[in-house]
Amino acid sequence: MKNLVNSTIITVCLLILSAGIACVRTEYNLDKPGNLAANTPKNAVYRIENEWMQLENGLAEHPAAPGSASKIKVMLVGEATYSDLDYDRQEDAVIVLTYQGGGSGTFFYLAAALYENGKYSGTEGILLGDRIGSPAIKINNGLITIEYLDRGHDEPMAAVPGILHTRYFILKGARLTEIKPGNNETIYQGLLTLGHEVRSFLPCSERESLWLLGKSPALDTLIAEYDSTMASFPPYTPVFTILAGYRLPPPEHGFGADFKEAFWASRLVHISPKGNCRSDYITLDSLLPGETIYSPLTIKGKARGTWFFEGDFPVILLDDQGKKVAESYVTAQGEWMTKNFVEFEGTIDFKPTYSGTRGTLVLKKDNPTGLPQFDDALEIPINIK
2 MKNLVNSTII
12 TVCLLILSAG
22 IACVRTEYNL
32 DKPGNLAANT
42 PKNAVYRIEN
52 EWMQLENGLA
62 EHPAAPGSAS
72 KIKVMLVGEA
82 TYSDLDYDRQ
92 EDAVIVLTYQ
102 GGGSGTFFYL
112 AAALYENGKY
122 SGTEGILLGD
132 RIGSPAIKIN
142 NGLITIEYLD
152 RGHDEPMAAV
162 PGILHTRYFI
172 LKGARLTEIK
182 PGNNETIYQG
192 LLTLGHEVRS
202 FLPCSERESL
212 WLLGKSPALD
222 TLIAEYDSTM
232 ASFPPYTPVF
242 TILAGYRLPP
252 PEHGFGADFK
262 EAFWASRLVH
272 ISPKGNCRSD
282 YITLDSLLPG
292 ETIYSPLTIK
302 GKARGTWFFE
312 GDFPVILLDD
322 QGKKVAESYV
332 TAQGEWMTKN
342 FVEFEGTIDF
352 KPTYSGTRGT
362 LVLKKDNPTG
372 LPQFDDALEI
382 PINIK
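Going by the numbering used here, the residue at position 163 of the sequence shown is 164; the numbering climbs one at a time, nothing skipped.
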């Protein structure tokens with residue numbers, strides 16, 4: 002099987018103190034081929050241990066050295082996890098690969114396969130560890146969270162992995178980049194609002210906003226990125242943001258004293274008006290947070306089949322006081338009895354008497370059981386015209 006593509010011959014010279022210099026010719030694939038995008042992540046090309054390796058049904062292998070019986074083997078572990086990593090409304094894939102170089106080690110790597118024009122293009126893999134526990138991947142709004150068991154630094158390789166590791170990655174350009182929180186820091190996703198006398202951050206799945214402390218190291222960056230990203234939106238429009246930092250008590254004086262908690266923002270990870278807190282389950286194509294809406298409003302997007310019941314789910318428009326303005330439904334545009342994403346479309350009509358007010362568009366998960374533990378919703382802040 003020939004999986005080493007467009008290989009480049011290089012000469013490796015080893016300095017041996019007792020015998021001068023010995024040179025060995027070997028093959029490495031240093032240049033990624035530009036014409037080998039695949040129709041599935043199982044057949045894409047990935048860079049592992051300085052080689053671009055093309056998988057064939059999840060496997061790539063070649064001799065460890067010319068004439069050697071030992072083989073280098075790269076293998077897909079489990080199934081790919083799909084989500085939009087580069088915010089182009091297309092589902093990319095995140096995978097785990099193992100690398101065996103002929104020795105006793107089995108090295109685990111994290112990689113991505115980016116979807117464009119109907120094909121997948123692999124990225125460079127990032128080393129997770131040697132003979133670790135099976136990794137678990139979760140993706141939300143482009144943030145990749147991976148958990149696995151590993152050993153302590155002083156434990157032998159014969160020990161069973163028992164220490165939980167959690168690592169975070171995002172895509173920058175065409176490369177996975179690790180986000181390493183500092184001591185006591187956590188990665189938060191939520192809605193950021195900045196403006197005159199306003200500095201608030203509402204974490205996903207919470208109801209109480211946090212006051213952004215003025216001495217936060219990332220505050221100047223947040224203000225600059227917010228002003229640039231939201232320049233075409235009305236003032237005080239919330240924007241989806243991923244931050245690193247930690248919670249603190251609120252200040253005793255000033256505007257922050259009205260908040261129950263404050264937030265020390267150490268780093269801006271990502272900011273995008275296209276993001277939302279429920280993107281694992283539902284995304285919108287036709288509406289961004291903070292946009293002005295007109296009646297009738299057409300709503301388009303994608304939701305996982307579990308968000309529907311009998312092929313549709315309810316949409317509710319609320320005014321700035323939380324009172325219902327209008328209600329409608331959107332309908333699946335394909336087979337909805339699946340866990341995959343399904344396109345939906347619908348319209349909602351509302352009276353112009355609410356013109357000029359802020360509001361919220363609520364896309365509710367259809368819950369025929371009526372049990373609150375199965376409730377879910379995506380809430381989009383909008384302006385009613």
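These are computed hints drawn from the structure, not numbers from a lab. Nothing here was measured: the structure is a model prediction, and the numbers come from that model. Be aware that one or more of the hints could be misleading.
[To be verified] Using 27 Å as the maximum straight-line C-alpha spacing, the simulated DSSO-like pairs for lysine-lysine come out as follows:
#	residue 1	residue 2
1	K301	K181
2	K324	K340
3	K352	K366
4	K216	K181
5	K365	K352
6	K120	K43
7	K325	K386
8	K120	K181
9	K173	K72
10	K325	K340
11	K275	K365
12	K325	K173
13	K301	K261
14	K139	K43
15	K139	K324
16	K275	K120
17	K139	K216
[Stated by the list, open to error] Derived CB-CB ranges, DEER-like:
#	residue 1	residue 2	range
18	K261	L165	23 to 33 Å
19	Y330	T178	17 to 27 Å
20	N40	A258	37 to 47 Å
21	D131	K386	53 to 63 Å
22	D321	E344	39 to 49 Å
The beta-carbon is built from N, C-alpha and C at its ideal position, and this holds for glycine as well.
A quick look at each hint next to the structure:
1. K301 / K181: Between K301 and K181 the Cα gap is close to 36 Å, so the pair fails against 27 Å, i.e. violated.
2. K324 / K340: With Cα atoms ~32 Å apart, K324 and K340 exceed 27 Å; violated.
3. K352 / K366: Satisfied, since the Cα-Cα distance of roughly 25 Å is no more than 27 Å.
4. K216 / K181: holds, 21 Å
5. K365 / K352: Roughly 21 Å separates the two Cα atoms, so the pair holds.
6. K120 / K43: holds, 12 Å
7. K325 / K386: holds, 16 Å
8. K120 / K181: It is violated: about 31 Å lies between the C-alpha atoms, which goes past 27 Å.
9. K173 / K72: violated, 33 Å
10. K325 / K340: violated, 30 Å
11. K275 / K365: holds, 19 Å
12. K325 / K173: violated, 41 Å
13. K301 / K261: Given pair K301, K261 is violated - Cα atoms ~37 Å apart, limit 27 Å.
14. K139 / K43: Roughly 19 Å between the alpha carbons, so the hint for K139 and K43 holds.
15. K139 / K324: The given pair, whose Cα atoms are some 35 Å apart, is violated under the 27 Å limit.
16. K275 / K120: holds, 23 Å
17. K139 / K216: violated, 32 Å
18. K261 / L165: 23 to 33 Å: Distance hint for K261, L165 holds at roughly 30 Å.
19. Y330 / T178: 17 to 27 Å: violated, 40 Å
20. N40 / A258: 37 to 47 Å: Given about 57 Å between the Cβ atoms, the range is violated.
21. D131 / K386: 53 to 63 Å: Taking Cβ atoms as reference, D131 and K386 lie about 58 Å apart, which means the hint holds.
22. D321 / E344: 39 to 49 Å: violated, 31 Å
Comparing the model with each earlier hint shows violations of hints 1, 2, 8, 9, 10, 12, 13, 15, 17, 19, 20 and 22; every other hint is respected.
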